[in-house]
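Peer 1: Sequence:
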Amino acid sequence: EKEPLEKIIKHFDTIASWKGGCCLLDGLAPCTEYSLVMRTLTDAGVTGPLSGPRLRFITKARVPDFPAMMRVDSVTDTLIIFSWDAPRDFGSAIEMYEVEYHDTFFHRTFVSLVNWNCRNLATRTILFSPATDD
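Take the sequence shown: its letter number 106 is residue 106 in my numbering, and every next letter is one higher.
Read the hints as simulated data drawn from the structure, not as lab findings. Just to be clear, a hint being listed does not mean it is correct.
To be verified - Derived Cβ-Cβ restraints for the label pairs, each shown as a range: (1) S83 x K19: 53 to 61 Å; (2) A16 x L113: 44 to 52 Å; (3) S35 x A93: 41 to 49 Å; (4) H107 x D77: 14 to 22 Å; (5) T109 x D89: 21 to 29 Å; (6) H107 x F82: 17 to 25 Å; (7) D43 x A68: 46 to 54 Å; (8) G48 x D26: 37 to 45 Å; (9) G21 x P64: 34 to 42 Å.
What you are looking at is a predicted structure, and each value in this text was computed from that prediction instead of being measured. Using N, Cα and C, we set each Cβ at its ideal position, and we do this for glycine too.
Please put together the full structure from these sequences, using the hints given.
Peer 2: Structure (structure tokens):
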């Protein structure tokens with residue numbers, strides 16, 4: 001059984017010897033393609049040729065940030081219009097948002113799905129009160 005990646009990274013040591021080695025590269029951007037080459041260096045400052053072929057890899061996408069700058073645009077007796085700014089997606093394809101709202105008087109929770117609008121950086125939805133059939 002494989003160890004979880006988080007446990008491996010926590011106890012990882014970068015090592016190198018005449019037999020080879022391993023190295024952890026940290027701080028890479030999510031969902032980004034990289035290429036990697038190596039060369040040898042000696043204590044006399046002599047460098048060897050670059051390794052080849054290039055090792056190519058793409059880092060995995062990361063979970064998007066939360067929607068930012070939520071604001072109420074309008075409130076009536078039966079509805080609210082609110083908007084927010086799209087979060088950084090970190091390479092994840094955001095398809096929709098889940099909006100959860102809570103009736104504090106009756107202690108009920110409701111969930112609504114809002115489709116992502118790729119044409120706008122800000123997205124908007126209208127949530128009707130739970131009593132409305134719309």
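Peer 1: Against this structure, judge whether each hint is valid.
Peer 2: Taking the hints in turn, this is what the structure says about them:
no. : hint                   : in the structure
1   : S83 x K19: 53 to 61 Å  : 59 Å, holds
2   : A16 x L113: 44 to 52 Å : 51 Å, holds
3   : S35 x A93: 41 to 49 Å  : 24 Å, violated
4   : H107 x D77: 14 to 22 Å : 21 Å, holds
5   : T109 x D89: 21 to 29 Å : 26 Å, holds
6   : H107 x F82: 17 to 25 Å : 21 Å, holds
7   : D43 x A68: 46 to 54 Å  : 51 Å, holds
8   : G48 x D26: 37 to 45 Å  : 25 Å, violated
9   : G21 x P64: 34 to 42 Å  : 35 Å, holds
The structure does not agree with the numbered hints 3 and 8 stated previously, though it agrees with the rest.
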